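K.L.:
The task is simple: from the sequences and hints, build the whole structure.
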Amino acid sequence: MSTPRAETVGSLLRPYELLAARRWLAEGTVPPERVRELEDVAVLGALRLQEASGLDVVTDGEMRRGGWSVTTELLDGFEPRAGGPGLTWHGEGKDLRMGSAYPTVVRPLTRRRSLADDYPFVAEHARVRAKVCMPAPSYHRRFWYQKHSAAAYPTCEDFLVAVRDLLREDVARLVELGCDYVQLDAPNYGSLCDVEHRRRLEAQGHDLDAELAYDVALDSSLFEGFTGITRALHVCRGNAAGRWHSTGGYGTIAKQLFPGLDVDALLLEYDSDRSGDFEPLRCIRDGVVAVLGLVTTKTGTLEDAAAVEERIAEAARIKPLAELALSPQCGFASVAVGNPVTPDEQRAKLELVGRVAHRVWR
Numbered sequence: 001m002s003t004p005r006a007e008t009v010g011s012l013l014r015p016y017e018l019l020a021a022r023r024w025l026a027e028g029t030v031p032p033e034r035v036r037e038l039e040d041v042a043v044l045g046a047l048r049l050q051e052a053s054g055l056d057v058v059t060d061g062e063m064r065r066g067g068w069s070v071t072t073e074l075l076d077g078f079e080p081r082a083g084g085p086g087l088t089w090h091g092e093g094k095d096l097r098m099g100s101a102y103p104t105v106v107r108p109l110t111r112r113r114s115l116a117d118d119y120p121f122v123a124e125h126a127r128v129r130a131k132v133c134m135p136a137p138s139y140h141r142r143f144w145y146q147k148h149s150a151a152a153y154p155t156c157e158d159f160l161v162a163v164r165d166l167l168r169e170d171v172a173r174l175v176e177l178g179c180d181y182v183q184l185d186a187p188n189y190g191s192l193c194d195v196e197h198r199r200r201l202e203a204q205g206h207d208l209d210a211e212l213a214y215d216v217a218l219d220s221s222l223f224e225g226f227t228g229i230t231r232a233l234h235v236c237r238g239n240a241a242g243r244w245h246s247t248g249g250y251g252t253i254a255k256q257l258f259p260g261l262d263v264d265a266l267l268l269e270y271d272s273d274r275s276g277d278f279e280p281l282r283c284i285r286d287g288v289v290a291v292l293g294l295v296t297t298k299t300g301t302l303e304d305a306a307a308v309e310e311r312i313a314e315a316a317r318i319k320p321l322a323e324l325a326l327s328p329q330c331g332f333a334s335v336a337v338g339n340p341v342t343p344d345e346q347r348a349k350l351e352l353v354g355r356v357a358h359r360v361w362r
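Residue numbers (the numbering used here): 1 to 362.
Quick caveat, the hints were computed from the structure, so don't treat them as lab data.
Given the structure is predicted, the values throughout are model-derived calculations rather than measurements.
Built from N, CA and C at the ideal position, the CB exists for glycine as well.
Among the clues, some could well be false.
Said to hold, decoys possible - Straight-line distance between alpha carbons at most 20 Å, and here's what the computed EDC-like set of lysine to aspartate or glutamate pairs gives:
| no. | residue 1 | residue 2 |
| --- | --- | --- |
| 1 | K255 | D209 |
| 2 | K255 | D207 |
| 3 | K147 | E79 |
| 4 | K319 | D264 |
| 5 | K319 | D286 |
| 6 | K319 | E309 |
| 7 | K147 | D209 |
| 8 | K255 | D304 |
| 9 | K319 | E351 |
| 10 | K147 | E157 |
| 11 | K319 | D262 |
| 12 | K147 | D180 |
| 13 | K255 | E279 |
| 14 | K319 | D344 |
| 15 | K255 | E309 |
| 16 | K147 | D207 |
| 17 | K147 | D165 |
| 18 | K255 | D286 |
| 19 | K147 | D264 |
Unchecked claim - FRET-style restraints, in silico, Cβ to Cβ:
| no. | residue 1 | residue 2 | range |
| --- | --- | --- | --- |
| 20 | T110 | E314 | 44 to 52 Å |
| 21 | R107 | G28 | 45 to 53 Å |
| 22 | A26 | A151 | 26 to 34 Å |
| 23 | L302 | E196 | 41 to 49 Å |
| 24 | T3 | G251 | 20 to 28 Å |
| 25 | R359 | S221 | 36 to 44 Å |
| 26 | V195 | V41 | 41 to 49 Å |
| 27 | D180 | R285 | 44 to 52 Å |
| 28 | A306 | A151 | 39 to 47 Å |
| 29 | Y16 | V128 | 24 to 32 Å |
P.N.:
What follows is the structure, given as structure tokens:
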């Protein structure tokens, strides 16, 4: 398989008609069949948009999901409980703290549906390679609390292994269906770049080095035994309706995270000064592609193509150009409402990714 040079992270803006139909479905005023029809139309639109923009790998735009993480849509066993990951979301206007009620595992997990259920439609209609994105097993630490979860899973690690095993079933089914690119999304790693967040976790008794080592091994183990696929992981730094939750360069965790992950590609956010410089790229294993998220999805302002190329050249002084690629920094709609970007601005940014990548790696 050739190395993809132009791709996106996952979600695209959902059409208004689809968002409205989902609301009406919840109110009982439209049937599920009508929502499915609108999802089909939205997925087809997402595929054609990405292909026309020159991307080498496409997604379904996550049109069939309520949000990027999809955990509680896939698995049953969660109920809202006081707590949460304790993140502060930053953006224009007032900063927002995570709400007091957060999904918490309180029962042994059972399956609602599989991510593989959505792939046959994509495989039938995509004209280039298509990938499927799923939350990394390690991300699920935030769903386990001793007080509420120990009766179902005595330790957080017991819970994480259960999540990993269920997600492995999804990967196995996707491979059977012909999917050859699976991406894990891991905002938990991005959070560990943030000094303030680290201090909060340490004050709660977390051994961050031990947990990071465990999580790296856990996420890598998801792919054990699978061959012929591209294994990728995206380190997210927060992307809720244009807001962000993590600041600080990757250098805080790079020496432990990057060499330990057994993947083929790392999608890294580099759209702002919050991400630091490219020096941590030195820690990535030889042969692993660093997909540089240099085009922001948080605002509609279009980047200058020459400036993007200059940043790629800067990164290539640290990691070979043959082991680099280009993408937006994150999805355009990690939550259903989407980022403050118009469809035309989204298209322009995707076209920029395709145009620059094909010029740099022609």
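K.L.:
Could you tell me which of the numbered hints above are not met by this structure, giving the numbers in increasing order?
P.N.:
Hint check: 7, 8, 9, 12, 14, 15, 17, 19, 21, 23, 27 and 28 fail, others pass.
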